[in-house]
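Residue numbers (the numbering used here), protein chains in the order written: chain A, 364 to 723; chain B, 418 to 541; chain C, 978 to 1134.
What the hints contain is simulated information worked out from the structure, not anything from laboratory work. Be aware that one or more of the hints could be misleading.
The list that follows gives simulated cross-link-like pairs (lysine-lysine, DSS-like), each with its CA atoms no further than 27 Å apart [stated by the list, open to error]: (1) K1086(C) - K522(A); (2) K1104(C) - K414(A); (3) K700(A) - K557(A).
Computed Cβ-Cβ distance ranges for the label pairs, DEER-style [what the hints assert, rightly or not]: (4) E483(B) - K700(A): 36 to 42 Å; (5) R982(C) - N486(A): 51 to 57 Å; (6) E487(B) - K700(A): 28 to 34 Å; (7) G448(A) - G1083(C): 42 to 48 Å; (8) Y489(A) - E428(B): 26 to 32 Å; (9) P1069(C) - D523(A): 34 to 40 Å; (10) E641(A) - K523(B): 34 to 40 Å.
Incomplete in silico selection of chain A near chain C, CB under 7 Å [as the list claims (entries may be wrong)]: (11) T419; (12) Y422; (13) V423; (14) R493; (15) L499; (16) E503; (17) G507; (18) C510; (19) S513; (20) K544; (21) Q547; (22) Y554; (23) R559; (24) G708.
Computed from a prediction, not measured in an experiment: that's the story for all the values here. Cβ atoms here follow ideal geometry from the backbone N, Cα and C, with glycine treated the same way.
Spelled out from the first residue to the last, the chains are:
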Amino acid sequence: MGKRSVIPFGPQHPVLPEPIHLDLVVEDEKVVEAIPSVGFVHRGLESLVTKKDFNTMAYVAERTCGICSFMHGMGYCECVENMMGVEVPIRAKFLRTIWSEMSRVHSHLLWLGLLADGFGHENLFYQCWRIRERILDMLEMTTGGRCIFSVNQVGGVLKDIPDDMLKSIEEAITDIEAELKVVQKTLLYDYTVKSRLCGVGILTKEQAHDLGTVGPFMRASGIKSDMRLRGYDAYPYLDFEPITSDDCDCYARCDVRTREIFQAIDLIRQAIAKMPSETDLAVQVKDKPSGEYFMRVEQPRGEAVYYTKGNGSMFLDRMRIRTPTFANLPGLCETLKGADLADVGLLVITIDPCVSCTER
Amino acid sequence: MDNKCPENVLEVIQTSELLVKVMEKKKQGLRLAQACAAVTEGHTQLSYSFANDEDFGLTTLRIVLEDNEEVPSITEIIPYAFFYENEMKELFGVNIKMINLDYNNKLYRIEEDTPFLPKGKEEA
Amino acid sequence: MADKRFRIMNYAPVALKNLFSKPVTTTYPAEPFVYPERSRGHVDIDIDDCIGCGMCVRCCPPGALSVNKNAGTWTIDRFDCIACGFCVTKCPKKCLHIVPGYQEPGGEKTAVTYTKSPEVLAAEAKKREEMAKKAAEAKAAKEAAEKAKAAEATEKA
């Protein structure tokens, strides 16, 4: 038995865009235990709900995260809509689906870049982010913002995507698909990648279930579950299957996310093809919310839970956002057990941590 | 729209039943999706939601607390619940006993005690 | 464990192509960036159409706006504004617009105040005066009528 010592990891670390701290108990070069601690960027967004009225809150909820911002705004709005029994126009549902899938493409491309950077392939990181730029341009053209879109409101969406824009989105995703296929060759089938990712950070199917992991992290361990199958928005009209992998390691997580980009591109295509011709974008919401509801949406990082509770006034009693990273942290600590110290940075990256939205 | 998922279910239970019910849910193979606290009409209420990954059902166990009532920790049964419980303890001042990894109100590094409780309720 | 899927030198074609192609990035200040039409840069106001209802102030998420109805001014703290565009959708007179062009960084936070043009202010003051006059007249007439009624009542008695 080697000598035990504790090595602090983070909150500032080259692989981390956001602050998270891990106390790593190591024995020689192997990690024995990891104790996470968060809390460097707690903003208290949830308590703002008692000070801003429920319509304004949609814009605050959206600013929980900079990457899955659209999904946060949408999740909050759908939660309030379900609570009040408001039926959103069909076109708004399709538009929300298109924007969510575009967010997924941009989030996963960002993650692939970070992963490439994490395992030392700087150039691949440039390539991923270059491709991502194209989808950001499309988002800016349709919503007016590159990361924060501000197109959701309780009752529907604020902006329409006219046909010419739909056409340019279609062109853009075709280009992205072609470019991604080139990059994918390196990302998934290169020898260096194999020696860095295969067999690292294994989380078995049982462990993934017992630790309550969500999203691609869970699907890479072979659990076939996807909140989009729950049938919110326009997903019941689209045809797709959750993407899983049975390898359970870092390579599987990379593989699942890469294939999810292609799936998202396919879903955007389907949604554009099935776009209804109705022009209603939103319904007027006049009532004051009361009651409560739990809403779950599938974000790029996994399942997010929204809970809102109204009291019959303009101000809600409680809004709660359970972000995917919050659920994935226990899983991360499990994968870290028995890992090499040199792999810790890579393993932290593979759960796609979004620490600021974990703390809200 | 043929395969609509089941509606959310809400079960209001007593604090003493909590551990038994959580055990039951775990035996059914459900996953703890979230746990949170909320303050309504002067009472703190806790919600533990369990998700079924097969049929996408969501069952929520709800307990309403009296002032300063003690709640047993569910981390004995579901170890990864420690984040949720620490959060409830820190933001709402819920009196949770025996969390397996207790951050002692230092999960979020904030200065104020129980910032999410409405003003004037902290006295207890 | 030889896995047939994996090969070496997969990246070489991309690297070679990069070597001989133009850079993707542009020389930004020299080559200006064209914002799309919907770009949410900053909020603009047609101040003369504003009725000072305060709808935008109440709905603003960061609380960056303030309005003074009597002085005819509308103030925005551009460093607090998050350019969400909620005030634009809420404005009943549609005098707010969100236009491209981001707020430039600065040393300290400053607020910008828009004041209505003197002609509009004068017209509004005149209108208000007229309204006050009308109200006063109406009040006087009402009082007179009441007096007459009271007098009638006493006469009858």
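Results for each hint:
{"no.": "1", "hint": "K1086(C) - K522(A)", "in the structure": "violated, 31 Å"}
{"no.": "2", "hint": "K1104(C) - K414(A)", "in the structure": "violated, 37 Å"}
{"no.": "3", "hint": "K700(A) - K557(A)", "in the structure": "holds, 21 Å"}
{"no.": "4", "hint": "E483(B) - K700(A): 36 to 42 Å", "in the structure": "holds, 40 Å"}
{"no.": "5", "hint": "R982(C) - N486(A): 51 to 57 Å", "in the structure": "violated, 21 Å"}
{"no.": "6", "hint": "E487(B) - K700(A): 28 to 34 Å", "in the structure": "holds, 32 Å"}
{"no.": "7", "hint": "G448(A) - G1083(C): 42 to 48 Å", "in the structure": "holds, 47 Å"}
{"no.": "8", "hint": "Y489(A) - E428(B): 26 to 32 Å", "in the structure": "violated, 52 Å"}
{"no.": "9", "hint": "P1069(C) - D523(A): 34 to 40 Å", "in the structure": "violated, 22 Å"}
{"no.": "10", "hint": "E641(A) - K523(B): 34 to 40 Å", "in the structure": "violated, 52 Å"}
{"no.": "11", "hint": "T419", "in the structure": "holds, 5 Å"}
{"no.": "12", "hint": "Y422", "in the structure": "holds, 5 Å"}
{"no.": "13", "hint": "V423", "in the structure": "holds, 6 Å"}
{"no.": "14", "hint": "R493", "in the structure": "holds, 5 Å"}
{"no.": "15", "hint": "L499", "in the structure": "violated, 11 Å"}
{"no.": "16", "hint": "E503", "in the structure": "holds, 6 Å"}
{"no.": "17", "hint": "G507", "in the structure": "holds, 4 Å"}
{"no.": "18", "hint": "C510", "in the structure": "violated, 11 Å"}
{"no.": "19", "hint": "S513", "in the structure": "holds, 4 Å"}
{"no.": "20", "hint": "K544", "in the structure": "violated, 12 Å"}
{"no.": "21", "hint": "Q547", "in the structure": "violated, 10 Å"}
{"no.": "22", "hint": "Y554", "in the structure": "holds, 5 Å"}
{"no.": "23", "hint": "R559", "in the structure": "violated, 12 Å"}
{"no.": "24", "hint": "G708", "in the structure": "violated, 22 Å"}
The earlier numbered hints that this structure contradicts are 1, 2, 5, 8, 9, 10, 15, 18, 20, 21, 23 and 24.
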